[in-house]
Structures are given as C-alpha cells and as structure tokens.
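Novice: Sequence:
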Amino acid sequence: KACAEQEHAQAVFDIDHAARTLRFSAALTGKESRSQAVARLLDSMRAKQSWASLSKWRGELYPIYGDDFEVVAMVERAASYNFGIRTFGVHVNGIVRDGAGGWPRMWVAKRAATKQTWPGYLDQIVAGGIGNGMGAAESVVKECSEEGGIPEHLALGARAAGTIQYFTRSELGLQPETQYVYDLELPQGFVPQPTDGEVQEFYLWTLDQVVDAVRQGLFKPNCAVCIVDFLIRHGHLTPENEPDYLAIVDNIHCPLPFPGPGMAGL
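So in this note's numbering, the last spot in the sequence shown is 627, and the numbers never skip.
Misleading hints may appear alongside valid ones.
Said to hold, decoys possible - Ranges between beta-carbon positions, derived for each pair:
no.	residue 1	residue 2	range
1	529	498	21 to 27 Å
2	371	408	35 to 41 Å
3	550	513	52 to 58 Å
4	413	623	29 to 35 Å
5	517	387	22 to 28 Å
6	481	552	18 to 24 Å
7	576	512	30 to 36 Å
8	546	612	25 to 31 Å
9	573	552	28 to 34 Å
10	428	401	34 to 40 Å
11	605	548	21 to 27 Å
12	506	431	15 to 21 Å
What the hints assert, rightly or not - Cross-link-like lysine-lysine pairs, in silico, DSSO-like; alpha carbons within 27 Å at most:
no.	residue 1	residue 2
13	392	471
14	409	471
15	392	476
16	392	409
17	392	417
18	417	581
19	476	409
20	581	476
Simulated from the structure, these hints should not be mistaken for laboratory data.
Here a beta-carbon is modelled for each residue, glycine too, at the ideal position from N, C-alpha and C.
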C-alpha cells in the first residue's frame with residue numbers, strides 16, 4: 362500500500378489492488394530501465410520514511426528473477442523484504458580437524474554490536490548476501506576476505522555442500538531465502554581476524570559447544586539452520602537420536618516456488 366501511494370509508483374508498476382500484485386510497467390523494457398525506475402522510487406520513499414526498512418539502507422543491489430529465470434531488475438537490499446523477492450546468500454562453516462578422527466571443531470563469529478540486523482548474535486565464520494551480480498563461489502571468496510581476513514588461497518578450498526531454503530517471517534511479511542552452504546576446512550593455527558567491523562570476535566568451539574549455543578537461541582536464526590544442516594550432513598544428527606529428523610530435513614530444504622539462477626528448463 363505504501364508503495365502504491367507514491368507519486369511515481371504508477372510509472373514503475375502495474376498495480377492490481379484486488380489481486381494484491383505488482384508487475385513492472387510494460388513501458389520499462391529492460392533490466393537497466395526497471396532498476397533505475399525502482400531506485401528512483403525507493404529514493405523518494407526513503408526520503409519520506411515510507412518504509413522503516415529503508416532506514417537500514419545497504420547500498421547493495423539484489424537481483425529480481427523473472428519467469429524466464431533471467432534477472433529482470435536489481436533492487437536495494439533493504440527493500441527486498443518489502444517486495445518479498447527471493448534472496449540468495451552464502452554461509453561458510455569454518456572447521457578445524459585435530460587429526461584424531463573425532464568430530465571437528467567449528468569457528469563461530471560473534472556479530473558486532475553495530476550490525477543493522479541481529480547485533481551481538483552468533484554466526485558462521487563468514488556469511489553474506491549475494492548481490493551486485495556476483496556468483497556464489499565469488500561471494501565466498503569476497504566474504505572470507507572482508508569478514509574473516511581469510512586469504513584467497515584458503516577461501517578457494519571451500520567445498521560446496523548444497524543449500525538451505527526457508528521463509529523468513531518478520532513484521533514485513535514472508536521472504537523466501539536460499540543460502541548456498543560451504544564447508545571450509547582451515548589449518549590448525551590459523552585464526553580468523555575481524556577486518557570490516559561486522560564481527561566482534563571469533564571462537565573455536567567443539568560441536569557440543571556449538572549445539573548448546575543453538576539450543577540457547579544465541580545464533581542468528583538462519584545461521585542456526587545452517588548448523589543443523591551441517592550436523593545432519595556429517596552424521597551428528599540422525600534419525601536415531603532425533604525423533605523430528607524428517608520434519609527438520611524437510612523444513613530446512615523448503616521448496617520455493619520462485620525463479621532463481623540456472624533454473625531454466627526445470
């Protein structure tokens with residue numbers, strides 16, 4: 362509603378109030394024209410404080426995929442929840458093996474108190490949204506460098522381990538999210554360093570310590586989901602020790618009926 366009431370909204374969207382849908386205006390014929398039109402609209406809404414979410418402006422663009430699985434426009438990250446678009450990110454589990462054949466230890470990041478979202482909560486060693494036209498692997502290398510001071514030659518060892526998918530519920534509604542999950546084995550003696558101000562400090566914990574923190578609600582919710590996925594994939598969480606195993610597996614790999622990259626022909 363707040364978007365529809367804006368002076369320039371009709372030039373950007375065809376709005377069907379009965380069906381509660383927005384479609385890009387047919388007059389906007391390409392990705393650049395759509396992106397620029399949305400940017401102008403959001404700049405105006407930000408100035409008028411139409412959406413509280415725009416006070417957390419990131420200056421980072423997220424892709425909007427169309428029915429042909431191509432990017433039809435780019436939108437400011439802070440507005441992605443309001444539009445309910447499917448967003449994408451990377452989460453990296455940083456692990457250290459002690460060579461004794463037991464469970465590995467895991468690096469855990471504590472988010473800085475100045476973070477715009479979930480300040481002070483626990484997180485993966487590095488994680489972040491995929492924006493500005495980057496790919497998943499490229500984003501891993503970028504986030505490793507920016508958040509953890511992990512050099513490229515180590516970051517390139519991150520192993521793709523599937524995805525987690527879910528809906529995030531907030532006061533803004535539901536947002537479908539896909540996170541590309543990576544496992545990164547780091548050498549003993551390597552210590553990540555906060556480099557961009559987003560992490561307060563890092564801890565190297567046993568999996569039992571990590572699980573205890575998850576149970577206490579100390580992790581950012583989607584980071585806790587990523588840890589549960591890790592525990593399942595590595596045989597720590599099994600049908601024998603968790604009665605809700607199947608429900609958990611189903612819910613952290615929720616089918617999302619929205620387009621994304623590389624889905625043509627599916």
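Novice: All hints are to be evaluated individually against the structure, with a verdict given for each.
Specialist: Structure-based check of each hint:
The hinted window of 21 to 27 Å between residue 529 and residue 498 holds, with their beta carbons roughly 24 Å apart. A C-beta distance of roughly 19 Å is found between residue 371 and residue 408, which places it outside the suggested range of 35 to 41 Å. The beta-carbon spacing between residue 550 and residue 513, approximately 18 Å, falls outside the hinted interval of 52 to 58 Å. The beta-carbon spacing between residue 413 and residue 623, approximately 34 Å, falls within the hinted interval of 29 to 35 Å.
Range check, residue 517 to residue 387: about 44 Å between beta-carbon atoms, so the 22 to 28 Å window is missed. The given range of 18 to 24 Å is respected by residue 481 and residue 552, whose C-beta atoms sit roughly 21 Å from each other. Between residue 576 and residue 512 the CB atoms are about 34 Å apart, so this pair conforms to the stated range of 30 to 36 Å. The given range of 25 to 31 Å is respected by residue 546 and residue 612, whose C-beta atoms sit roughly 28 Å from each other.
At roughly 22 Å, the beta-carbon separation of residue 573 and residue 552 lies outside the given 28 to 34 Å, and the hint is violated. One distance hint, 34 to 40 Å for the beta-carbon pair residue 428 and residue 401, is violated here, with the actual separation near 25 Å. Evaluation of the 21 to 27 Å hint for residue 605 and residue 548 yields a failure: the beta carbon distance comes to about 36 Å. In this structure the hint that residue 506 and residue 431 lie 15 to 21 Å apart at CB is violated, the actual value being about 29 Å.
For the suggested pair residue 392 and residue 471, the alpha carbons sit about 37 Å apart, so the restraint of at most 27 Å is broken. In summary, the hint linking residue 409 to residue 471 is not supported, as the alpha carbons are separated by about 34 Å, beyond the 27 Å threshold. Taking the CA atoms of residue 392 and residue 476, the gap is near 31 Å; set against the 27 Å cutoff, the hint is violated. At most 27 Å may separate the alpha-carbon atoms for a hinted pair to count; residue 392 and residue 409 meet this at roughly 26 Å.
At roughly 24 Å between alpha-carbon atoms, residue 392 and residue 417 fall within 27 Å of each other, so this suggested pair holds. Under the criterion of a C-alpha separation no larger than 27 Å, the hint pairing residue 417 with residue 581 is consistent with the structure, at around 18 Å. Note on residue 476 and residue 409: the hinted pairing holds, with a Cα-Cα distance of about 24 Å set against a maximum of 27 Å. Our distance criterion of 27 Å between C-alpha atoms is met by residue 581 and residue 476, whose separation comes to about 12 Å.
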